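Peer 1: As they're listed, the protein sequences go chains W and R.
Reminder that position 146 of the first sequence reads as 146 in the working numbering, one-by-one numbering, no gaps.
Throughout, the working numbering is defined as the position within the second sequence, counted from one, plus 276.
Since the hints were derived computationally from the structure, they do not count as laboratory data.
Wrong hints could be hidden among the right ones.
[As the list claims (entries may be wrong)] Quick list of in silico lysine-lysine cross-link-like pairs, BS3-like style, CA-CA up to 25 Å:
| # | chain 1 | residue 1 | chain 2 | residue 2 |
| --- | --- | --- | --- | --- |
| 1 | W | 268 | W | 253 |
| 2 | W | 123 | R | 534 |
| 3 | R | 359 | R | 397 |
| 4 | W | 258 | R | 376 |
| 5 | W | 100 | W | 20 |
| 6 | R | 507 | R | 530 |
| 7 | W | 254 | R | 547 |
| 8 | R | 376 | R | 534 |
| 9 | W | 123 | R | 436 |
| 10 | W | 21 | W | 231 |
| 11 | R | 399 | W | 258 |
| 12 | W | 121 | R | 436 |
[Said to hold, decoys possible] From chain R, some residues computed to sit far from chain W (all C-beta separations above 10 Å):
| # | residue |
| --- | --- |
| 13 | 314 |
| 14 | 315 |
| 15 | 355 |
| 16 | 382 |
| 17 | 406 |
| 18 | 407 |
Fair warning: this is a prediction, and the values are worked out from it, not measured in the lab.
Every residue, glycine too, gets a C-beta built ideally from N, C-alpha and C.
Residue-level listing of the chains:
Protein chains: 2
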Amino acid sequence: MKIVIAGLGIIGGSIAKALKKYTDHTVIGINRSRTPVEKALECGAIDEAGNIDSLRTADMLILGTYPDAAVSFVRDNAQYINKSCIVVDTCGIKSEICPKLSAAAAEYGFVFVGFHPMAGKEKNGFDASEADLFLGASSIIIPGNAPRDAVNTVASLTSKIGFGRVIFTTPEEHDRMIAFTSQLPHVLACAYVFSPQCPNHNGFSAGSYRDVSRVANINAELWSELFIENKQPLVNEIQTFIDNLTEIQSGIKKGDRKELAAILHRAKVIKEELGE
Amino acid sequence: MKIVIAGLGIIGGSIAKALKKYTDHTVIGINRSRTPVEKALECGAIDEAGNIDSLRTADMLILGTYPDAAVSFVRDNAQYINKSCIVVDTCGIKSEICPKLSAAAAEYGFVFVGFHPMAGKEKNGFDASEADLFLGASSIIIPGNAPRDAVNTVASLTSKIGFGRVIFTTPEEHDRMIAFTSQLPHVLACAYVFSPQCPNHNGFSAGSYRDVSRVANINAELWSELFIENKQPLVNEIQTFIDNLTEIQSGIKKGDRKELAAILHRAKVIKEELGE
Numbered sequence: 001m002k003i004v005i006a007g008l009g010i011i012g013g014s015i016a017k018a019l020k021k022y023t024d025h026t027v028i029g030i031n032r033s034r035t036p037v038e039k040a041l042e043c044g045a046i047d048e049a050g051n052i053d054s055l056r057t058a059d060m061l062i063l064g065t066y067p068d069a070a071v072s073f074v075r076d077n078a079q080y081i082n083k084s085c086i087v088v089d090t091c092g093i094k095s096e097i098c099p100k101l102s103a104a105a106a107e108y109g110f111v112f113v114g115f116h117p118m119a120g121k122e123k124n125g126f127d128a129s130e131a132d133l134f135l136g137a138s139s140i141i142i143p144g145n146a147p148r149d150a151v152n153t154v155a156s157l158t159s160k161i162g163f164g165r166v167i168f169t170t171p172e173e174h175d176r177m178i179a180f181t182s183q184l185p186h187v188l189a190c191a192y193v194f195s196p197q198c199p200n201h202n203g204f205s206a207g208s209y210r211d212v213s214r215v216a217n218i219n220a221e222l223w224s225e226l227f228i229e230n231k232q233p234l235v236n237e238i239q240t241f242i243d244n245l246t247e248i249q250s251g252i253k254k255g256d257r258k259e260l261a262a263i264l265h266r267a268k269v270i271k272e273e274l275g276e
Numbered sequence: 277m278k279i280v281i282a283g284l285g286i287i288g289g290s291i292a293k294a295l296k297k298y299t300d301h302t303v304i305g306i307n308r309s310r311t312p313v314e315k316a317l318e319c320g321a322i323d324e325a326g327n328i329d330s331l332r333t334a335d336m337l338i339l340g341t342y343p344d345a346a347v348s349f350v351r352d353n354a355q356y357i358n359k360s361c362i363v364v365d366t367c368g369i370k371s372e373i374c375p376k377l378s379a380a381a382a383e384y385g386f387v388f389v390g391f392h393p394m395a396g397k398e399k400n401g402f403d404a405s406e407a408d409l410f411l412g413a414s415s416i417i418i419p420g421n422a423p424r425d426a427v428n429t430v431a432s433l434t435s436k437i438g439f440g441r442v443i444f445t446t447p448e449e450h451d452r453m454i455a456f457t458s459q460l461p462h463v464l465a466c467a468y469v470f471s472p473q474c475p476n477h478n479g480f481s482a483g484s485y486r487d488v489s490r491v492a493n494i495n496a497e498l499w500s501e502l503f504i505e506n507k508q509p510l511v512n513e514i515q516t517f518i519d520n521l522t523e524i525q526s527g528i529k530k531g532d533r534k535e536l537a538a539i540l541h542r543a544k545v546i547k548e549e550l551g552e
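Next up, chain W with everything else stripped away, as it sits in the complex:
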């Protein structure tokens, strides 16, 4: 296949590198600024720099940009996209994005398949990309109304570049789960380091501090977009969390050890039932 990647940040760059490492597909890179394209050419992550013409003959177009930019890119270039092209996004939220891209696909005659690579780092940009970023990670695919063979093409491609498993779901289920598994931990990390004790933690901290605060080193521009475009599921998840936190806080205030131990034990049971 001739695969165009638009947006060579950590995700687009890693997909490019993984495609070159694990497949024989031709990889073409497009980026708003020039530097990542040059770096990608230099290290062999892409075969060539692309342009609008590349879209006319692409078998697959992978959108490595932020969500809104992905929609804009497709809308601005829809008329140039090959009718037999499979367009694939990589956005961390789906309900806000997939319907728009499906509509563009229906209007212009190409195919759209939603995709969320469940991998990342605390660093961004092409420099942070790596061929093995996706090893063992979940490849979440939102088929929507795409033809089954296009969905299978995307799914098997993600398996080839290292993903450990493929999950098929809907935009709504995806967004509800991601609000819990990924967005909430980022919110918690930020709220955590806002404590007045944080700057003095050194010497008093071990693995727990490190783990909770890790993703507080956040890409504020990206995550504010992701949070707001997944507003309701995330606001709900935060509220559930506050309610649960308040229950534990009340147990501590009350000071009944057996009662508090019973609350905490519920957490242990949940983890054990999950085999974790």
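With chain W's structure known, arrange chain R on it following the hints.
Peer 2: For chain R alone, kept in the frame of chain W given last:
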């Protein structure tokens, strides 16, 4: 030195193993139940099983038990403890424990030094203990009114068994910091897995889920005691956290990207200023 360890769980057991691995001191083990003592003898973590008589000639008595049990052990056995013995606790909270043990020390003529080894695992008991549990960890020491040479003896011993650095502090400062660095993350982990989404996370989760939920596999009996005995600092820390979480939640509800990005960016700055 002749060092008696009372309580051969993960902490007491690991101290025993580390003492045998890194020093030439004689290590004597005492435990309420017999099995850990037998296991410790078998694997060479202790030189002999101890009893009340061992306390009469001990140079150091390390309390590896839960906080209240540490106080009870010392009160019950104070009359047998060698007058030149240094008694060292290993409790995760200090304001509730150190004054009681200092008082016992003053009354019976031995020395007490507070100690919190900042290391642990999600498993408990002697079977989870290991000689290198403390490698690079913080050794937090609460000198209280102990003589300087006793404090130095404890500090240098912790360095010898692998601790990466020694921090001297007060019970109050210790408890305020630990509420933030260690207790709050355990509370967050429990509140987190209480979400109705949790049992279905598989396939939608990556490092963030794993990191936040890790310590939810909690020893409910121990931590309910630690939480309640550090009630005020922890309740305050949880409240600060809820307030910070509510600020972020409001920013998401409001939906102003720049404003939300500015809030999140503060977290990034805090992490960067800490060099993390």
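Peer 1: Please list, smallest to largest, the hint numbers that this structure does not respect.
Peer 2: 3, 5, 6, 7, 8, 9, 10, 12
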